[in-house]
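If you read the sequences in order, they're chains A and H.
Numbering that gives the first Met the number 0 puts the first residue of the first sequence at 0, with every later residue one more than the last.
Numbering that gives the first Met the number 0 puts the first residue of the second sequence at 0, with every later residue one more than the last.
Incorrect hints may have been included.
Chain copies aren't distinguished; within one or between two, either way the pair holds.
Below are the DSS-like pairs computed for lysine-lysine, each with C-alpha atoms no more than 30 Å apart in a straight line [as the list claims (entries may be wrong)]:
no., residue 1, residue 2
1, K249, K16
2, K241, K224
3, K249, K225
4, K211, K2
5, K182, K16
6, K225, K2
7, K241, K182
8, K249, K191
9, K2, K12
No lab work stands behind these hints: they were computed from the structure.
A quick note: this is a predicted structure, and the numbers were derived from the prediction, not measured.
2 protein chains.
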Amino acid sequence: MDKTLFQHRSIRKYLAKPIEEPLLSHILEAGTRASTTGNMQVYSMVVTSDAEIKARLWEAHFKQNMVKEAPVVITFCADFNRFNLWCHQRNAEPGYDNFLSFVTAAVDALLVAQNVCVSAESNGLGICYLGTTTYMAEKIIDILHLPVGVVPVTTVVMGYPEELSELNDRLPLDAVVHYETYKAYSAEDIDKLYQQKENLPQTKELLELNKKDTLAQIFTDNRYKKSDNVLFSQHLLNVLHKQGFMNNEK
Amino acid sequence: MDKTLFQHRSIRKYLAKPIEEPLLSHILEAGTRASTTGNMQVYSMVVTSDAEIKARLWEAHFKQNMVKEAPVVITFCADFNRFNLWCHQRNAEPGYDNFLSFVTAAVDALLVAQNVCVSAESNGLGICYLGTTTYMAEKIIDILHLPVGVVPVTTVVMGYPEELSELNDRLPLDAVVHYETYKAYSAEDIDKLYQQKENLPQTKELLELNKKDTLAQIFTDNRYKKSDNVLFSQHLLNVLHKQGFMNNEK
Numbered sequence: 000m001d002k003t004l005f006q007h008r009s010i011r012k013y014l015a016k017p018i019e020e021p022l023l024s025h026i027l028e029a030g031t032r033a034s035t036t037g038n039m040q041v042y043s044m045v046v047t048s049d050a051e052i053k054a055r056l057w058e059a060h061f062k063q064n065m066v067k068e069a070p071v072v073i074t075f076c077a078d079f080n081r082f083n084l085w086c087h088q089r090n091a092e093p094g095y096d097n098f099l100s101f102v103t104a105a106v107d108a109l110l111v112a113q114n115v116c117v118s119a120e121s122n123g124l125g126i127c128y129l130g131t132t133t134y135m136a137e138k139i140i141d142i143l144h145l146p147v148g149v150v151p152v153t154t155v156v157m158g159y160p161e162e163l164s165e166l167n168d169r170l171p172l173d174a175v176v177h178y179e180t181y182k183a184y185s186a187e188d189i190d191k192l193y194q195q196k197e198n199l200p201q202t203k204e205l206l207e208l209n210k211k212d213t214l215a216q217i218f219t220d221n222r223y224k225k226s227d228n229v230l231f232s233q234h235l236l237n238v239l240h241k242q243g244f245m246n247n248e249k
Numbered sequence: 000m001d002k003t004l005f006q007h008r009s010i011r012k013y014l015a016k017p018i019e020e021p022l023l024s025h026i027l028e029a030g031t032r033a034s035t036t037g038n039m040q041v042y043s044m045v046v047t048s049d050a051e052i053k054a055r056l057w058e059a060h061f062k063q064n065m066v067k068e069a070p071v072v073i074t075f076c077a078d079f080n081r082f083n084l085w086c087h088q089r090n091a092e093p094g095y096d097n098f099l100s101f102v103t104a105a106v107d108a109l110l111v112a113q114n115v116c117v118s119a120e121s122n123g124l125g126i127c128y129l130g131t132t133t134y135m136a137e138k139i140i141d142i143l144h145l146p147v148g149v150v151p152v153t154t155v156v157m158g159y160p161e162e163l164s165e166l167n168d169r170l171p172l173d174a175v176v177h178y179e180t181y182k183a184y185s186a187e188d189i190d191k192l193y194q195q196k197e198n199l200p201q202t203k204e205l206l207e208l209n210k211k212d213t214l215a216q217i218f219t220d221n222r223y224k225k226s227d228n229v230l231f232s233q234h235l236l237n238v239l240h241k242q243g244f245m246n247n248e249k
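This is chain A alone, in the form it adopts within the complex:
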């Protein structure tokens, strides 16, 4: 029944074949069936297939070619704009311009995104999430004309896969599950839980290629560096201010 979930791999190469209707709408509709806080549906999906707009998104997303090549790019947004407009038209004073409301709306958007991906994959399509969305939120807001009350939280490219990649490795289930309460990891636990990942052939190739001693260093020094994280944290907090989600005083 949930076989689709176990078959997930991120697809980075797509066929030049559009996603036909009514399949696309069916997939988006599957998104809307996800749980949503108080049934407020405080999210939006911006579905982009126009080549010119995709080219601008490609630039924002660190020029990852799948953004140009996939027929559809979906930007999932935390969105209180629509809900706020409704409140104003109904003689109600919305109080959703604060950090908690951003998080509430972001949770909504992310559950929708995962439903969309599961539906797409169960219908023979491939997907890939773009983590660059939160780094480049300001530029994406500009490209997609997102108003105050709307912040992009993730992006999914979608289309027919050119090739199925291998399933990605995962840590043993023990690594990410705690029973009853959180159990502190001992140094031995950490060694054991990361052992399989560290011994993969592709890990050894990566270490040689990057001239690093440990896989962890490839993350801290190359892929997810402190200086980038700090810079993008500042950008993202500025975006939350600008989009009206940081009025946290009475």
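With the hints as your guide, set chain H onto chain A.
For chain H alone, coordinates are given in the frame of chain A:
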């Protein structure tokens, strides 16, 4: 294939029947197959079934009885603690004590949560998300012994449904989908998109019960009040500081 997604309803009444192994592990494993930023898996699932600990969680979650009654309560956490420990043991200096890293880890945790829910439902179980997690994060951190680097972002109760509720209404797909770029809503759009929801029999009952003129007022005045949102925003930002995710300066 994706029928499960279209059958989702939140379940608030559960049978007193435990979730057997290996089903529970299968469902948690389905969670781990979700996309994760850079394959870092910066999340944890805390699976609580002990009656005493559930009673403490029940109190934190505004005494919603399903927290006591469901056999399993899963708290999904943004978790850089494990990854940071690994980095330190591998001569790598982690730079993940900032807001961007919190958001990255929260995205990870939420995609896992939705996979877990889809897997559970496809295996005959019911689930309900608890939005109270972000309001009461500090208390939940205390109950579950979450260390620095770990923040709860959502909670799911899970078990065999006592009864299947009706499917919840949703806004028309048009309301939440924008093509190419975001389209501003006119006042007429808003009226049209909320019309169906406003005309539901249960909406009319709610208005009478709450002595309100509009459904929007029930949200702004009763369910999701500005004063609560502001207070919980302050709490949540304090939690991010305390758990080590707000070092956003070089």
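Cross-check of the supplied hints:
In this assembly of identical chains, the alpha carbons of K249 and K16 never lie at most 30 Å apart, being 52 Å within a copy and 45 Å across copies at closest. Taking the shortest Cα distances, K241 and K224 sit within 30 Å of each other both inside one copy (26 Å) and across copies (22 Å). Proximity of K249 and K225 under a CA criterion of 30 Å is satisfied inter-copy only: 8 Å between copies versus 34 Å inside one chain copy. In this homomeric assembly, K211 and K2 never come within 30 Å of each other (Cα to Cα): the closest approach is 37 Å inside a single copy and 46 Å across copies.
For the homomeric pair K182 and K16, the shortest alpha-carbon distance between copies (26 Å) is at most 30 Å, but the shortest distance inside one copy (48 Å) is not. In this homomeric assembly, K225 and K2 never come within 30 Å of each other (Cα to Cα): the closest approach is 37 Å inside a single copy and 43 Å across copies. In this assembly of identical chains, the alpha carbons of K241 and K182 lie at most 30 Å apart only when taken from different copies (19 Å versus 39 Å within one copy). Proximity of K249 and K191 under a CA criterion of 30 Å is satisfied in neither setting, with 49 Å inside one chain copy and 33 Å between copies.
Within a single copy, K2 and K12 get their C-alpha atoms as close as 22 Å, and across copies as close as 27 Å, so both meet the 30 Å cut-off.
The structure is inconsistent with the numbered hints 1, 4, 6 and 8, although it conforms to all the rest.
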